[in-house]
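*Asks:* This is what each chain is made of:
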Amino acid sequence: MIAPHSIFSLAQAASTTGVQVDYIFYLLLAFSGTVVLVIMFLVLFFVAKYHRGTSANRKSEAPISSRLEVFIVTVFTVIGLTLFVLAAKVYADIARPPKDAMTIWVVGKQWMWKASYPDHREEINELHVPVGQPVKLVMTSMDVIHSFFIPDFRVKQDVLPSRYTTLWFTATKPGKYRLRCSQYCGNDHAGMVGWVTVLSQADYQQWLAAAPEGAAAIAGTPGTNGALMATKLRTTFNQLGCIACHTPTSSVRAPRLDGIFNQTVRLQNGQNTTADEEYLRESILFPNAKISAGYVQPSLMPAYKGQITDQQLHELVDFIKSIRDGWPADATQPTEPSGNQPLQSEPKR
Amino acid sequence: MSENIVQPELPLQRLNYINHDWSVWSWINSRDHKRIGVMYLLTITFLFFLGSLPAILIRLELLTPAPNLVTREIYNRLFTMHGVTMVFFFLVPSIPTSLGNFLLPMMIGARDLAFPRMNLASYYLFLAGAILALVSLVNGGVDTGWTFYTPYSTTFSNSAMTPMILGIFVAGFSSIFTGLNFIVTVHTMRCPGMYWSRLPLFVWSMYATSLILVLATPVLAITLLLVAAEHWFQVGIFDPKLGGDPLLYQHLFWFYSHPAVYIMILPSMGVISELVTTFSRKHVFGYTFIAFSSIAIAVLGFLVWGHHMFVSGQSMYAGMVFSVLSFLVAVPSAIKVFNWTMTLHKGSLVLKTPLLYALGFIGLFTIGGLTGLFLAALAVDVHVHDTYFVIAHFHYIMVGGTMMAYLGGVHYWWPKITGRMYPEGWGVFSAVLVFFGFNLTFFPQFILGYMGMVRRVADYDPQFQVLNVLSTAGASILGVGFLLPLCYLLWSLRYEPIAGDNPWGATGLEWKSPSPPPELNFETPPTVDGPAYDYDTETIHQEGKKKHV
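Residue numbers (my numbering), protein chains in the order written: chain A, 11 to 359; chain B, -16 to 532.
If we strip away everything but chain A, and leave its shape as in the complex, we get (with noise of 0.2 Å):
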């Protein structure tokens, strides 16, 4: 059912942005009211005056000096700049997630949303997050470009095809909120409707330890056991071959992965960049978009476009993730036998 306070939710945002969007509106709202009853009141007061019938003063003695004009232009652009900066302020906010998200995968395909969870389970249409803690969608599509929008929440950000864009946001009260695609994508653009259910702490712990309906009807999801899901990651990671060069133990010299997510990485033509999602999508799908400092032009990385499916990038950008904190214990030992590639630990210089 629909909660009431997502009916007629004009004035009650449901996240932390939403608040901050709602005070520009009303700002810009109690603006231009303003200005509008002015010029009406103004054209109306002349017309009655001035029209045909009337005998008001018509001599021009002192010309309305365009100094006036000025002023008043001046004015008007002030407070312009003003809102500008205010909005620009919270849109600053809005394109950079805070460090401690939570991600979600989302994929937009036609005329659906899929969402994986970071232990895996997947849920279509829906989406359950905690009440209070940021949540970061990092979201890609796999045909057209949708857009994905939570109109209680006031975010929305366009999804394409072949790239990673982000969206995130903190909700404020638990409760059920429409999801929607906002950008026209094709048949049934009006049927890509879904819901974000906010759970209390209390519920989201409970929600977890369930297993979800939808998730079970999922052919192939894995269970939601911690250990279970590292292991897959690492498999991924090695079957892949990224293990020959992308330990601390290899012979061949590739840029460190472990600890490298969200920190700024120095690049070869001199710019600094930020390692989140997209820059590692793109540097597994295309090596020489942007190389590391110090490291030889053109990579000596395959490209892995056209290589690897969305889900195995999902899977090799999360394993990235999740050794943030170093490696773990036996990382270096390939978890299964890849075969044909040399991986004796020979200690680096």
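For the record, the hints were derived by calculation from the structure and aren't laboratory data.
Backbone N, C-alpha and C define an ideal beta-carbon position, used for all residues, glycine too.
It is possible that part of the hints are untrue.
[What the hints assert, rightly or not] Where chain B lies over chain A, by a calculated footprint (3+ residues, C-beta under 8 Å):
id : stretch
1  : 22 to 34
2  : 42 to 52
3  : 57 to 65
4  : 87 to 96
5  : 150 to 160
6  : 170 to 177
7  : 191 to 202
Assemble the complex: chain A is given as a structure, and chain B must be docked to it using the hints.
*Replies:* Positioned in the frame of chain A, the structure of chain B alone reads:
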């Protein structure tokens, strides 16, 4: 009606641009800017009503939350047809090609445009483009929306894209021809004494519009060719599967389509400047401000396209630059609104139909422009982007702005174009209907948008129904308001009184010529010896009052 004294049937018996040759061939092969203007007027009016048909179905469908009148697939084709027809085949050409074509040479005292044959060619290109678009509609239509976003349009949409793209491409050349013609005409064909500082503001706005037409339309042509190349030959430009970038399309598209918004609104601003001065019998307040704000809008309009892309995935810093520039482009528009309002001050106002449209324009354009600030404000746009808030905003600009000015202009210059008056009572009635019908249609959509109803959907959540029903009710009133002028203006061609050369007592050069004007516009070559809108308000007022009493 006191000013429109019925004169003997003499003026119509004089040779004019209509009666000097009645043959069909003399029309379809005419290089007379006035005849081409009239041909454009008829064509775009037809296309306006054609583009309204899907709007009627859209509003009826949205009466109920479920998609029960048409299916989603058909609905998608309807809003595309509405958007494409209205934007490319009505709004962009509307005022420049009809009123602009007819009036621009007369206002500067010229016999014709600089390139009369090119003008005729532009009409036929436009006609060919419109026919191609109709071919697309007959073949099942297009379901991409008027924005043709990639990769949906190039790879996934299985609709009649080819004739549609060709149609818009061809019609684009018609725009370029018109723009070029106007620029050269204003530079080279002004009559003696018509300095730049004396140009009517309508001419200034046409000049600014032409600059945009000539500079922006080629980008649209290039973009459409690239879409076609990807659609037909699988050349990877926009579809990431082929190695392209979908955001590139949005940049190219809005680099044309944002300035195109100013192509639609600048001419209306020109019309409003004429209407407000004539019916106030007063010199315009701040001539230089208004003239140069047109040019400022034309220039700044090229630098704000990225404000359509705040949630598209473009860089945050790019968003900030586009946002601040969008706030700044509001300044010249604000200047215009201020100056029109101040022109009323101490005027001698005659509340005829054209002035009512002008006053309606000021109110609606102010709301449309200010809601533009909401969309320029980054964080607020994140929420309202692609919702009905945007729909309401641009209809306030396009319908509340362009359409009001177009109707006001057609009424104002109707005596000049046809030689007959229009029925004033009906004119006032329909102007009032349009104003209230319009507000009832589109104001609820601002609220719907902020509540989160997205655009381009045939069905919606039940809590949006009340406002949608209001909107549909308003649209019905608006529809009647648009149909009435069609009927009474056609009726007036035979039954209304002869207008005389200058029924409004206006100062422009076009009113110094007979109505309808002779083939070469003026019986004696005009000269100008004073500024535009040189009204002696006090004297006119005293005389006007005497007549009134």
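*Asks:* If a hint holds in the structure, say so; if it does not, say that too.
*Replies:* Hints, one by one, checked against the model:
1. 22 to 34: Our answer is that it holds, as 5 residues pass the Cβ test (under 8 Å) against chain B, meeting three.
2. 42 to 52: holds (count 6)
3. 57 to 65: Per the Cβ count (6), the hint holds.
4. 87 to 96: holds (count 6)
5. 150 to 160: holds (count 5)
6. 170 to 177: holds (count 5)
7. 191 to 202: Since three or more residues must qualify, the claim that chain B covers the stretch 191 to 202 of chain A holds, with 11 doing so at under 8 Å.
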